[in-house]
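Asker: First to last, the protein sequences are chains A and B. Quick note on my numbering: the first sequence kicks off at 437 and runs consecutively. Quick note on my numbering: the second sequence kicks off at 569 and runs consecutively.
Calculated directly from the structure, the hints in this document are not laboratory data. Heads up, a few of these hints could be off.
[Said to hold, decoys possible] Label pairs and their calculated CB-CB ranges:
#, chain 1, residue 1, chain 2, residue 2, range
1, B, Glu-683, A, Leu-521, 51 to 57 Å
2, B, Thr-723, A, Thr-627, 45 to 51 Å
3, A, Gly-695, B, Glu-823, 53 to 59 Å
4, A, Thr-627, B, Lys-796, 48 to 54 Å
Cβ atoms here follow ideal geometry from the backbone N, Cα and C, with glycine treated the same way.
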Amino acid sequence: MSFMWFNLALFFELLASGGFVVYLIKQQKWVFRYSYWILIVGFVCHTIFLGYRYYSLGAAPVLNFKSALSFFSWSIICAYLVFQLKCRLMVLGSFVAPFAAFLMMISSTMPWMQGPVRPMFKSLWLTVHVGTIFIGNGLFALAFLAAIMYLIQEHQIKHKRLGPIYSRLPSLATMDAINYHSIICGFPFLTVGMITGSIYAQCVLGTYWQWDPKEVWSLITWLFYAALLHERIAVGWRGRRAAIMSIVCFCILTFTFVGASLWLGGYHSFSRLGAQAF
Amino acid sequence: MMKIISIGMNHETASVELRECIAKEPDIPVKALASMRDLEYIREGFFLSTCNRVEALVTTENAAEAKKSMITLISGLGNIPRESFSSSLYTFEDADAIRHIFRVASSLDSMVVGEPQILGQIKEAYAQATRLKASGVILNRLMHRAFHVAKRVRTGTGICEAAVSISFAAVELAKKIFHVLDGKNVLLIGAGEMAELAARHLMTQGVSSMAVANRTFDRAVKVAEFLKVRAVSFEEIGAQLLEADIVVTSTASPEYVITYDRVKSSLRKRRSRPLFFIDIAVPRDVQPEVNNLENVYVYDIDDLKGVIELNMAHRQQEAIKAERIVEEEVVKFEKWLKTLAVVPTIVSLRNKAESIIQAELKKSSSAMGELTSAQEEAIRTLTRSIVEKVLNDPILYLKRKADGTSLNTYLDVTIRLFNLDQDNGDTE
């Protein structure tokens with residue numbers, strides 16, 4: 437049952453990505469409209485899949501790398517759809533949808549989790565911890581994509597190459613604003629996620645902080661984003677410098693998400709989270 | 569068979585001197601339309617005269633005679649001998665004439681492809697033609713289709729999108745940097761004609777404040793008054809740089825007015841807000857290295873010209889799409905035009921039926937005696953609907969055959985079958 441919803445979500449998200457790319461090239465509004473609605477259908481399927489997994493596992497479906505990637509992809513689309521409602525920036529979809537679909541594709545190649553879930557994961561704290569962190573990550577991913585778009589467009593304007601890319605990308609001010617707002621919205625989510633995580637750790641492991649690699653890297657990520665926000669608000673960073681910094685921050689975040697979970701060990705790593713571990 | 573003929577000259581076929589002869593007086597179109605109505609061979613007429621073209625569109629049954637009389641008319645209007653301009657004239661017939669007016673309306677035939685004024689001028693000229701009752705069924709339809717085509721071209725292609733003048737290009741660039749120009753501050757340094765033009769364009773985009781600085785303060789005050797903005801002295805430029813978002817420079821100064829160091833020192837106080845220099849002066853006013861500073865963009869006159877050339881190329885590309893739209897519409901219009909050929913036959917068929925109804929009603933009225941008005945009405949409806957139903961299929965059939973090659977055969981058969989030739993004489 438859940439496989440079907442997963443595959444449907446993957447299918448519609450890939451289809452929407454294709455549509456968004458066609459829109460980017462052809463610039464026809466109806467292509468965008470169809471792609472947008474297909475993406476929404478994919479998002480709904482994805483939501484049903486997550487809901488169903490949550491219901492059947494009794495815990496947030498993030499306990500192996502496959503589910504975590506799919507949840508990440510979901511949260512990026514979620515962040516995009518919310519933004520789209522507010523600022524109607526059509527071209528953003530052409531970057532977000534392929535990125536989200538790419539994560540889903542990686543996720544689809546991985547094996548499903550077997551066996552039952554450890555009882556300690558059936559906690560509301562975990563759901564809140566993971567949910568807030570992933571919403572934050574989705575917003576940061578959006579900031580990352582906006583930063584890339586900013587740098588491309590800035591390069592075009594600075595070097596006076598006003599070709600087809602220039603006319604398709606939005607203004608510098610728009611992308612800088614998206615970057616800024618997604619980070620300023622994402623940061624509290626990350627913060628809350630980390631605090632609830634440590635409370636949860638206190639509940640089930642008996643300690644708030646135990647220098648687990650993922651904890652350390654999360655803190656590093658948090659500090660980088662905090663520094664970026666500080667520079668933006670207090671010093672007045674904007675534009676190119678802020679864009680580069682938010683790309684750096686997102687790279688660290690990606691390392692925390694992938695590297696720390698797969699290679700650095702610790703209790704956060706997927707090999708220890710999965711039911712196979714026992 | 570009615571023919572559509574287009575005759576005229578444009579910026580490509582005729583010199584300015586020649587076009588001037590006709591375009592110089594504003595009431596020329598009215599005169600032209602009035603005399604067209606008196607011409608024997610011309611059924612409907614439309615006359616367009618702009619600075620880039622003089623154009624007449626007529627319908628006629630005799631193409632050769634109509635052309636001759638139109639040439640005489642144009643030579644009379646402009647007081648120019650026929651020989652001196654006949655080589656500059658182009659004439660189109662039927663499909664070519666339809667295509668031509670569609671292309672003109674969509675601005676595909678303009679000097680600057682995609683310029684929007686021409687459609688307004690055509691609309692005006694058409695309004696004049698309808699006011700003087702010079703246009704009829706065919707031209708009315710043709711002109712409305714032309715407006716429709718122009719709209720399709722404008723919305724369906726990028727032909728009108730990109731700016732092709734310096735000041736428009738500058739405004740567009742500013743929008744790509746700032747998104748909206750509402751609430752932005754503009755500083756004009758130097759007060760040339762070009763700078764004024766750019767300033768006007770920026771003002772229509774809603775910039776919140778504008779200041780003019782000039783080496784001679786009097787001139788700055790004058791221009792500022794003219795544009796209804798502030799004047800500042802040349803020494804204040806440094807302070808103004810902290811506020812400004814867009815700076816337009818156009819002084820005659822031989823050395824740089826805006827230097828790298830000057831801009832660099834202002835950046836931190838500006839909290840890295842983007843700064844856009846539009847340098848339309850030659851020699852340049854802004855040191856080129858300023859462009860290397862973060863969040864600062866410098867476009868000089870050559871850069872802007874480059875943008876325009878690119879946009880021109882883009883328009884040319886979009887024009888290909890537009891030509892396809894025009895072609896589609898020409899085919900549609902021709903199809904409609906052909907249905908016109910069946911109209912007289914259908915009308916005489918109906919007339920014949922109507923006269924039969926009247927005659928038969930008259931004959932039977934004595935036999936039916938005194939009828940109430942309701943009964944009379946019922947009988948009239950009855951006879952009419954029988955006739956309508958009988959004629960319905962032949963009429964639909966004719967309309968379907970309207971754009972086929974064998975139409976004339978069908979019309980001929982219909983006329984003989986219903987013996988319409990004879991009745992035509994009676995009814996008309």
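Asker: Please check whether Thr-627 of chain A and Lys-796 of chain B have a Cβ separation lying inside 48 to 54 Å.
Answerer: Because 50 Å falls inside the window, the suggested range holds.
Asker: Hint says 45 to 51 Å; check whether the CB-CB distance for Thr-723 of chain B and Thr-627 of chain A agrees.
Answerer: holds (48 Å)
Asker: Cβ-Cβ distance between Glu-683 of chain B and Leu-521 of chain A: within 51 to 57 Å?
Answerer: violated (38 Å)
Asker: Is 53 to 59 Å respected by the C-beta to C-beta distance linking Gly-695 of chain A and Glu-823 of chain B?
Answerer: Holds, at about 55 Å.
In this structure, only the earlier hint numbered 1 is contradicted, and the remaining ones agree with it.
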